[in-house]
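*Asks:* Single-letter residue listing:
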Amino acid sequence: MAHSPFILQEQQFQKIKAILARLCVECAARVVFLVDRDGQTIAFHGDIGDMDTTSFSSLAAGNVAATSSMARLIGEDAFPAVVHEGERESIFISVIGRSLLVVVFDERSTVGLVKLRTKRASYEVAATLDEAARATAAYSFSTSVFSEITDEDIDSLFS
Amino acid sequence: MTFINYASREINCKIVYYGPGLCGKTTNLQHIYDSTAPQAKGKLISLATETDRTLFFDFMPLELGTVRGFKTRFHLYTVPGQVYYDASRKLILKGVDGVVFVADSQEERMDANIESLYNLEENLQTQGYDLNELPYVLQLNKRDLPNVIPIDELTHELRKKDEPVFEAVAMDGTGVFDTLKAVAKQVLTELRKG
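Taken in sequence, the protein lines are chains A and B.
Here this note's numbering is used: the first residue of the first sequence is 1, the next is one more, and so on.
Here this note's numbering is used: the first residue of the second sequence is 1, the next is one more, and so on.
Among the hints, erroneous ones may be present.
Stated by the list, open to error - Among chain A residues calculated to face chain B with C-beta under 7 Å, some are: (1) Gln40; (2) Tyr123; (3) Ala137; (4) Phe158.
Hints listed in this document are in silico derivations from the structure and should not be mistaken for laboratory results.
Here a beta-carbon is modelled for each residue, glycine too, at the ideal position from N, C-alpha and C.
Use the sequences and the hints to build the structure in full.
*Replies:* As structure tokens, then:
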């Protein structure tokens, strides 16, 4: 069967938003994302301009999936962090369990600073996601709004 | 894995189009992309070779509308069909909520269909899934070509359980949305159960 859904409640979402906002300032980053390893955006903070955030998250997850597999091929368990340095913009990705903390930064910051600041934020994000995972495990679908979804609701999506 | 965000009132699901090389997986996505209103879709991303063969995956987000106050967004992926890209296929199946198997109806592609279907089952198992328990649709594509195997025979060979089967000509869009609707419906029905 498909794996159980993951639910992010308002409280944990706001905590994550606050962590990302602080990290964005501390790193002097352009934008910070938290992305699920399956490629779905969990939250972000910063200046996205006209960036396609959905595609960005999907590609970040694909990138980490590919580099993690490459790591195993050379005998490493995983690469806990991935850096892409561009002429103007750079990307730092830190793997936190099933999630990725992605920092987009420019010449106002450095890889060293981003790496340092991301480390503390990673612990906080991990703790919040653990909290969300526990809440998801305790969530009762049989009494939730999702149990009320009817065939007509689903059909109406395609009308 | 379906991701539900209560704060933004969103349900995000992942659907993967699987099948042998050149069976029409990317063409399915291309048709959905071309036929969908701009506000309902994101960009269609193709990580392809210089000859337009899928190298890693194609991806497009599709927003279908609202169910019980939650925006439903489907992330549609294709896998590379060529045999030697198996490592990439495994990665793309991670977190999948529903699968569409696109079969090539041409007689000479029957072996490739069977091999790809076997590969799907094997790769799903590697990721901890059982095809029998997963939302799943079989699409019999390229029905407009002259050398196709009859529907009954194809269905007999390729149908794994009681999954819906659709005839399609992805090039002109025939059967493309019926396929998508069938798999999306199963995914949302699964969500009811949690």
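*Asks:* Would you settle whether the hint for Phe158 of chain A is holds or violated, based on the nearest Cβ-Cβ distance to chain B being less than 7 Å?
*Replies:* Status holds, d = 5 Å.
*Asks:* So, as I understand it, the hint says Tyr123 of chain A touches chain B; can you test that by seeing if any CB pair is closer than 7 Å?
*Replies:* 22 Å, violated
*Asks:* Does the closest beta carbon of chain B sit nearer than 7 Å to the beta carbon of Ala137 of chain A?
*Replies:* 11 Å, violated
*Asks:* Let me know if the C-beta of Gln40 of chain A comes in closer than 7 Å to any C-beta of chain B, holds or violated.
*Replies:* 5 Å, holds
The structure fails to meet hints 2, 3 from the earlier list, while all remaining hints are met.
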